[in-house]
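S.K.: Take a look at the letters that make up each chain.
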Amino acid sequence: MEKLVSIFLFGKKYEVPENLTIMTAMEYAGYQLVRGCGCRNGFCGACATIYRIKGDKELKACLACQTKVEDNMYIATLPFFPLVKQVYDIENIPVTESVMMQLYPEIYACIGCNACTKSCTQGLNVMQYIAYAQRGDFEKCAEESFDCVMCGVCSSRCPAGISHPQVAMLARRINGKYLAPGCGHLEDRVKEIKNGDFNELIEALMQKPIEEMKELYNTREIEK
Amino acid sequence: MYSEKFQKSIAAVEAAREKNIALEPERMTAKQKEDLLAAFHPDYKKDEFAELKIGPNKGEKVPTELAEILQAHSRITADSVDLTKPDYETDVLIIGGGGAGASAAIEANEAGADVMIVTKLRIGDANTMMAEGGIQAADKPNDSPAIHFVDAFGGGHFAAKRELLAKLVCDAPEAIQWLSNLGVEFDKDADGTMVTTHGGGTSRKRMHAAKDYSGAEIMRTLRDEVFNRNIPVIDFTAAIELILDENGNAAGAVLMNMETKELLVAKAKTVIIATGGAGRMHYQGFPTSNHYGATADGLVLGYRVGAKLLYAETLQYHPTGVAYPEQIFGALVTEKVRSLGAKLVNGNGEVFMHPLETRDVAAASIIRECSERENGVDTGSGLGVWLDTPMIEKIGGEGTIEKRIPAMMRMFEKYGIDIRKEPILVYPTLHYQNGGLDITADGMTTNVQNLFVAGEAVGGIHGKNRLMGNSLLDIIVFGRSAGINAAAKAKNVTLGKLTLAHIEKFEKEIESAGINTETVSPKLLPNYTKTKNI
Chain C
325 MEKLVSIFLF
335 GKKYEVPENL
345 TIMTAMEYAG
355 YQLVRGCGCR
365 NGFCGACATI
375 YRIKGDKELK
385 ACLACQTKVE
395 DNMYIATLPF
405 FPLVKQVYDI
415 ENIPVTESVM
425 MQLYPEIYAC
435 IGCNACTKSC
445 TQGLNVMQYI
455 AYAQRGDFEK
465 CAEESFDCVM
475 CGVCSSRCPA
485 GISHPQVAML
495 ARRINGKYLA
505 PGCGHLEDRV
515 KEIKNGDFNE
525 LIEALMQKPI
535 EEMKELYNTR
545 EIEK
Chain U
101 MYSEKFQKSI
111 AAVEAAREKN
121 IALEPERMTA
131 KQKEDLLAAF
141 HPDYKKDEFA
151 ELKIGPNKGE
161 KVPTELAEIL
171 QAHSRITADS
181 VDLTKPDYET
191 DVLIIGGGGA
201 GASAAIEANE
211 AGADVMIVTK
221 LRIGDANTMM
231 AEGGIQAADK
241 PNDSPAIHFV
251 DAFGGGHFAA
261 KRELLAKLVC
271 DAPEAIQWLS
281 NLGVEFDKDA
291 DGTMVTTHGG
301 GTSRKRMHAA
311 KDYSGAEIMR
321 TLRDEVFNRN
331 IPVIDFTAAI
341 ELILDENGNA
351 AGAVLMNMET
361 KELLVAKAKT
371 VIIATGGAGR
381 MHYQGFPTSN
391 HYGATADGLV
401 LGYRVGAKLL
411 YAETLQYHPT
421 GVAYPEQIFG
431 ALVTEKVRSL
441 GAKLVNGNGE
451 VFMHPLETRD
461 VAAASIIREC
471 SERENGVDTG
481 SGLGVWLDTP
491 MIEKIGGEGT
501 IEKRIPAMMR
511 MFEKYGIDIR
521 KEPILVYPTL
531 HYQNGGLDIT
541 ADGMTTNVQN
551 LFVAGEAVGG
561 IHGKNRLMGN
571 SLLDIIVFGR
581 SAGINAAAKA
591 KNVTLGKLTL
601 AHIEKFEKEI
611 ESAGINTETV
621 SPKLLPNYTK
631 TKNI
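Residue numbers (our numbering), protein chains in the order written: chain C, 325 to 548; chain U, 101 to 634.
Treat each hint with caution, since some may be false.
Unchecked claim - Listed next, the in silico PhoX-like pairs over lysine-lysine satisfying Cα-Cα at most 20 Å (straight line):
hint, chain 1, residue 1, chain 2, residue 2
1, C, Lys-392, U, Lys-514
2, C, Lys-548, U, Lys-494
3, C, Lys-538, U, Lys-261
It is worth saying that the hints were derived from the structure and are not from the lab. Note that the coordinates shown come from a computational prediction; the quantities given were computed from them, not determined experimentally.
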């Protein structure tokens, strides 16, 4: 017999097996999820959840699909949080800190409380990546924020009203497009293809009888 | 930390580790692979398939669960909505908010068309988001689109539609360039050279990645761009029936708000189905690595208006789904783990196959190890084999795992398993729908005009098995192309009167074929509730 624990979904008590995640516990209890459920594997950020263990002062945040239930867990899901996403033209933006001042000036109102970092469901150093963004160090901001799933919990805890995931998104796109080194072999290959350099080879493959294709495949050289 | 019952087997894995790292296992011959697949791959289990009795693929066999939803009732009747008063009117209607849908939307917008996305969950709730390992493109000097073609054609059992595959491989480098220009952060060396690795069945190292968040990095960037272009995204709204015009051409869709159940009508000059895969159908009872909404909706929508399916009988079981712990049972362990050097090892510590065989072969090989050969590890809720992740640190140096596959490290860390020091248990998981709607190279279905398809809902690009990294590639290549072509086509479309007459026609076919079913489709979401709800 599996051991049961008591959890409180939006305050209502349910008894569920202790080996379930918060998400599967909700389903066990009878919820047919529409909101607050996406990839179920920790990548999409749909299932941001806030909880408190009874008697514990600390409010915790997690992804419901990645977190096991505990006894006396009080659970509230946060399937949507109104992040501010500023619209911009990636082809025409300044690649300096001024872009942050223009689009997300509230980051300069950060009071350093570190509530964002403490609440991050991915364990990221959120306040640090915001500090990098303030300085216009987009490469470091991109690196530090890379594992962000944009669940929005950090922003829900921020007294300055910062939309951290969107700030990081902007920094990563600037880094990927403008700051990362260009790729010569990629540019060359795109040109060669446009130039038709491979047309004959591909055309030959389009016509080749299956038996010859099999021979070609089964005897092909594999790079070590 | 694993419990006591695993320790004996782990000790065997550890004892053999040095020897196993040095070992270069032989690759299987074509004949060995054929025999293995026939005996152990789920696609070959005849009693799990049913013959379609109606529709454009009548007489063909598909998984039993798919046959049920393809031959099910519509959720509505023709008089449920008023087609003369559409709630939305657009040039291009895109159904689905994953990588293919978002790419199509960006390109259709770029081409000047009026475009909108409808998606039953949120934009980005898609298998794209979960693709970890990478995206293929033949852009290195020792590689070419032709070599890429041969790898994919052979890996797909020589069944791919060649004109689709040629487009896939020839447009691949440009797809990478397009993503780079949007700001996707690919792993590069200091001089800009792409860091590329092998995937199962590749003959050149052409797997590009963004750590092991490759799909997530691509998806969030595409989503950001969709928002920057102010493309309308109608979320939590499912397409439940296509609308045709009186000439039989695609002309929109009936939509349903997933929360309020309100029905809405979207009228469009061209429609793109980009609804993704089917893992949540749990064919043959397999767990899945797919996102919550992967229920083959696009196949159902298309089939009911007469669009043909191709290779719907072939599914991809990813060889390395999580077998333990049970909280993440079926979740994906990226193939990149093997690209980086980890080998598959049975319960006795023996390497039983080359780690980079194609996915179907690897999956069948693991199933054989756990069944006929009885060399699996009992996990308490099933069987599995070891994937010896500590090998990666030994081969690539300490820190390789954290740098290259941080998501994997994090996923297991939550359950007290340090994959840098301990191996992990894996078993095949339902991963990809090889088949789907049949299209021509321009992305339009072969027999319904103005109906385009992109992404996992397409059949034929990969044949009967897909190589790692070719799906992220196909959603970009065929997503972009569907957007461009649907926008161009929309310029010359004059819609006739809208109709849902196909619903009644399909109902009659169900009846005259003697199909006795209460199922309605598309399924939209799986039901995992354990209670008996009303």
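S.K.: Would you mind marking each hint as holding or not holding in the structure?
M.R.: Quick rundown of the hints versus the structure:
1. C/Lys-392 to U/Lys-514: Satisfied, since the Cα-Cα distance of roughly 9 Å is no more than 20 Å.
2. C/Lys-548 to U/Lys-494: This hinted pair holds, its Cα atoms lying about 18 Å apart.
3. C/Lys-538 to U/Lys-261: OK: C/Lys-538 and U/Lys-261 at ~15 Å, within 20 Å.
When held up to the earlier numbered hints, the structure conflicts with none and fits them all.
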